[in-house]
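Enquirer: Please model the complete structure; the sequences and the hints are all you need to start from.
Chains as they are written, first to last, in this note's numbering: chain Z, 2 to 735; chain H, 2 to 735.
For the record, the hints were derived by calculation from the structure and aren't laboratory data. For clarity, every value in this text was computed on a predicted model and none was experimentally measured. What you were told as hints is all true, and nothing was included just to trick you.
Which copy? The list can't say, so a pair holds if one copy fits it or any two copies do.
Simulated crosslink set (DSSO-like; lysine-lysine; CA at most 30 Å straight-line):
| id | residue 1 | residue 2 |
| --- | --- | --- |
| 1 | Lys396 | Lys364 |
| 2 | Lys155 | Lys416 |
| 3 | Lys103 | Lys255 |
| 4 | Lys113 | Lys59 |
| 5 | Lys473 | Lys418 |
| 6 | Lys82 | Lys221 |
| 7 | Lys103 | Lys240 |
| 8 | Lys92 | Lys364 |
| 9 | Lys155 | Lys595 |
| 10 | Lys673 | Lys569 |
| 11 | Lys364 | Lys71 |
| 12 | Lys690 | Lys703 |
| 13 | Lys473 | Lys416 |
| 14 | Lys92 | Lys240 |
| 15 | Lys240 | Lys113 |
| 16 | Lys59 | Lys71 |
| 17 | Lys103 | Lys59 |
| 18 | Lys364 | Lys476 |
| 19 | Lys59 | Lys396 |
| 20 | Lys476 | Lys418 |
| 21 | Lys416 | Lys463 |
| 22 | Lys416 | Lys476 |
| 23 | Lys103 | Lys221 |
| 24 | Lys255 | Lys183 |
| 25 | Lys297 | Lys699 |
| 26 | Lys437 | Lys534 |
Protein chains: 2
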Amino acid sequence: MKNLKKILLLSILACLALPTFAQKASWIWYPGDFDIYMSNVMQNRRTERGSFFPVFWKMDSHYVLVDFHKEFNLSQPEEVKLFVEGTYNVKINGQAISGFPKTIQIPAGKHKLSLKVYNQAHVPAVFVQGKTVISDETWLTTFEDKEWIDASGKTSDKSGTTFVSAGSWNLSDPTKLPSQYKLPTVAQSAVKTEKAGTGYVADFGKETFGFIKVHGLKGKGRLSLYYGESKEEALSTDKCETLDYLDLDIAQKKDSVMPLSKAFRYVNFQPENGVSADSISMLYEYSPVTERGSFKSSDAELNKIYDVAKYTFHLNTREFFIDGIKRDRWVWSGDAYQSYLMNYYSFFDAPTVKRTLLAQRGKDPVTAHINTIMDYSFYWFLGIYDYYKFTGDQKFVQDVYPRMQSLMTYIDGRKNKNGLLEWMPGDWIFIDWADKLSKDGEVSFEQLLYARSLETMALCAKLANDADGADKYDKQAKALKAKIFELYWNQNKSALVHSRIDDKQTDNVTRYANMFGIFFDYFTPEQKLAVKKNVLLNNDVAKITTPYMRFYELEALCAMGEQSYVLKEMKNYWGGMLKLGATSFWEEYNPDKKGTEHLAMYGRPFGKSLCHAWGASPIYLLGKYYLGVEPTAPGYETYTITPNLGGLEWMEGKVPTANGDISVYCSKKEIKVSSATGTGKLKITSKTKPVVKGSEVKEVSKGVYEVTIEKGKQYSIKYNPPSPLKGELKSNTE
Amino acid sequence: MKNLKKILLLSILACLALPTFAQKASWIWYPGDFDIYMSNVMQNRRTERGSFFPVFWKMDSHYVLVDFHKEFNLSQPEEVKLFVEGTYNVKINGQAISGFPKTIQIPAGKHKLSLKVYNQAHVPAVFVQGKTVISDETWLTTFEDKEWIDASGKTSDKSGTTFVSAGSWNLSDPTKLPSQYKLPTVAQSAVKTEKAGTGYVADFGKETFGFIKVHGLKGKGRLSLYYGESKEEALSTDKCETLDYLDLDIAQKKDSVMPLSKAFRYVNFQPENGVSADSISMLYEYSPVTERGSFKSSDAELNKIYDVAKYTFHLNTREFFIDGIKRDRWVWSGDAYQSYLMNYYSFFDAPTVKRTLLAQRGKDPVTAHINTIMDYSFYWFLGIYDYYKFTGDQKFVQDVYPRMQSLMTYIDGRKNKNGLLEWMPGDWIFIDWADKLSKDGEVSFEQLLYARSLETMALCAKLANDADGADKYDKQAKALKAKIFELYWNQNKSALVHSRIDDKQTDNVTRYANMFGIFFDYFTPEQKLAVKKNVLLNNDVAKITTPYMRFYELEALCAMGEQSYVLKEMKNYWGGMLKLGATSFWEEYNPDKKGTEHLAMYGRPFGKSLCHAWGASPIYLLGKYYLGVEPTAPGYETYTITPNLGGLEWMEGKVPTANGDISVYCSKKEIKVSSATGTGKLKITSKTKPVVKGSEVKEVSKGVYEVTIEKGKQYSIKYNPPSPLKGELKSNTE
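Expert: Quick look at the structure:
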């Protein structure tokens, strides 16, 4: 009965949403092209103190001439409206129609409708809207149709054309050209203003992003706006990172919106003599994603951390996943990789993941690593496999597989005589922002990511039906993995060393390769324990000061059941930023620093981003390792729930999936679960056999029980957790 | 004295041309990018009966983000003006200047000036104009500068960036953006009008090209313009190839210029009731190249052929060398290859050659043959070597060499099990427009072009300092050449057969591979004679009906001294078109056809182009094989002059080179020569030792004498040619 109601409701909604046409048309283009185009637009919005500040890697371009076609079998003749961005022609069954028709008639029967579009400035795109003839991702496209004719006028009959299915962002308004795409905005006011110089500083209450609007602007002279994530920055007219200078000559009062959106909490508004304005406000610009994931617990500070992390992440979720909102606003692969993972536990917005992956990769030929960074090429591969794991979208893997191959070919071409990767001209070995971190020689961390990427290639090759490729990459991955342990594992140190120089291990042990080795599951159980003790929980090994690598460090500890330790670390580290007044999480946080030292980076007093996506990792850690939800088959067809309170009294939250949410409540007495997708296994550690109504409880190992979770049902389980809970064991360095 | 005057004059001219600045600035961009951009613009101007008709191969795009820089050592501070097409920043010694400065001050001393430009719609371009700081091809550019910084703000010190020298078309007006580039036009009138329908047909007297201008246009309704290379075409409102429909509503009389330039001799002007106009005229659009080459002789018909060929060729010399002015107006590699050769004997316009080569090749990755045609990829290679041979411009070879390599890698990747090329999906095997010409199996013609291209690669590798490449390509070329003779030479037929199918020679002998084998000098002297007899002069071998392949057929005969025979053929073939009233030469001419049959092609009554570049080959044949001028070292450092009257009483003409012209007069008694370049060898066949004042005459073989020609001198030689002259020998089929 319930299900029937739901179906009816869905049907009604479907009818309401599509009052005129049976199917939903959208703007379509050559797949990946709008992603590349729009990422160029977005990334070129960066300025530094009024100077245009573009990226330093190759920006690709869309195909400027694209053919679109689809075959239809119409039971009745149909009038079809055509909307095109570009110069175009239209053919029905290969016969061109004169001019640039806006409406065409397609007779009943089987017909092929083709449009060919040229556009250098913007992405060639079409929107086709008939009763049944509509543009969507089922259309085929190509950038070279190879339709030559012979001397008699006959079209070539031996086609070598590769057609691929069209790309789309589901832009469903035919009157709004794709090039006009913009994120929505909403008007917001400052919460406080304070006199400064000839103007004032406006405080918007928290870190935010948008366009400043100046009301009642008038006069002749210069208006200067200095933006600050901190008040100190806004007041520092000669050192703040972003600003606007407007040279005005306005007789009548008018409102003026700044051309570029900016990140700020404070805006220092300084009109010269002769210029005046009534006030300033802002247009908050945001990505209209849905906040689906949630987390709440008995710990108020942790809840605050989660909320600020989610706000931080939302600010950095824009047309694409970007690094930080103040400075770069670029699509960095290492940063985005973490955003993907956070996204799966918050918005579950698959389109933004796809867009970001496509934008990063750009087009062939590969002339450098992604963002020029070796590690960032590897994160890109990892991001694709995760995307498949969380969404089950095999088609995207198949579509992007050729570009995976060409990037891997580029990387394989850069191996040294030992079959390992080391710095070559043009490579940036990033790893992390950390003092005295050696990038010389063959760095173990890079080889580890390389091996993982090859494993990803093997898996994706299978998904793309490339059996030979799967076999090749699998062999390559296995060989490299074996070599890593042969060359970098140091028995005395019981850890992977940081690097090899001149074919010899260096003495240096860092956290990077070791923590990745844990959640990549590359170590034996004994090695894992040794690494945990000798590296992760060893204060003599250089500390990590970026949330970026803390993400993986804490993940590694969680993967080993150290939720209780990690909870304290989270409260210390992210709680530490909150105690300093943070309203969003930072690019870097070193508790040893004082006052305005926290604002500096890159040798600039306000160089640091105070709202950085990689600062938001608690979203991911709490969803995956506390609520404990994780897919075990693509798209959550199967999954596990392993709640771990980590010392909390209770927690509750939702983890989104493509088909609906998984809800978890967990206290020290009861676990409640419901799910809208797949088949789950709830794993419970309990001193006594848990009790659940209407479902079977299986003991899978001593004191560990499993309950099968079916979709659409509600489960409530009474249990009796051991005390201290697993994960609350004091770690050996405390 | 004469020379001194000339130098003085040149100096004065130089001063006049550059009144303000010591050096000449020009717009610069990433090399090849404007060529690709502008060829997209040009090729997308094609329409067919009002429908947009774009190319069917991949159109590439410029790099959208480009960095430009140059280091200067200034003795004095300098004010420098900046003109930029795109969004940009400016840095002096790496320090950005705020905003988009139009004038900057560079202090004295050594400084690096950088501009970084983003432009999706047009090519990122800069024009820098100071007293000594100017933009030109010495600037360096890149599309990925890889200028990352570390956490301290320090710029990466290990650069892997590839900088290349900027491209330019010598556009020297800073106020005219490169994207506004247009060919010049000049107003011209119709020579005759004749009533037709509700309007009239205007006759412009000869084949021409430009924009129709309608004077005094007024009224409400439709105005239709039907263009015709023939009167029949202009009158055929439903079959003419190009037209304009204008839907008007104009209250006051005004002049209106059509948006697209068209090819025509006749324009059929048809206003609907309610529309009226005073008259039409045209804006003739042309490339401002200089007509440097010339030819005149005792034969008036031949002179007419030469003049009409040169006009035909000029019409098809536009932003790039195109195929024909009516229909495609595209950059076809096989067509352009002939244009390059004609150009060396007429305009000697090196920039148009470079542009066309760059536009054809586009960018990596290679996804198809050039224009999708296998033979056309090969002509592209040949065009580069010829360019070097005629101009001596090694830098261009070096610049384009990486794109030569990637195209050759693509081709090498398509060899079959026998190491030969045959049709694969996506390949168009063109060869020629000819009935029943088999493209099946391994076609000998394609292997021959492949071998010649590999030889070109070996030569260009050497010029680009790639010794390994030179060695590799040389070996590959030699092996392929040997294989061609092993597999295709048929001893019984004394010719190369057309193809192999299923590893066996076919019976078919065609002219293509055999005639190319002659001027490629691939045959032994015995084979040459046999091929001449059994193929070239054998009427049983299928005749060639396009001027395109007649070019090579006649070249092969000239190369064997058959100038007399070829002269008659020229008079028959090109003279045949003139007798039919041609004012420019055609895409195809079959003397067996009658009346309007001559206008039809591709199954369309007016499908044939009546003004096709490949119709202009007499320019090349007369310059190279009659005046007999040919470089023997790159850029005419050395050259030969081997005049051959081919039965004419006398001839005279000029052959242009990069450094000035070579003038030749030749009668049956006297040869007069002067040259502005290099060192020449004049070769004279004479019964007695020729007499020349102030120069030595050497007998190099019996009856063949050689005079060394030094630049700047005038030579007059009395000689005594044998009768009949070499080349006047009756060929064995006459």
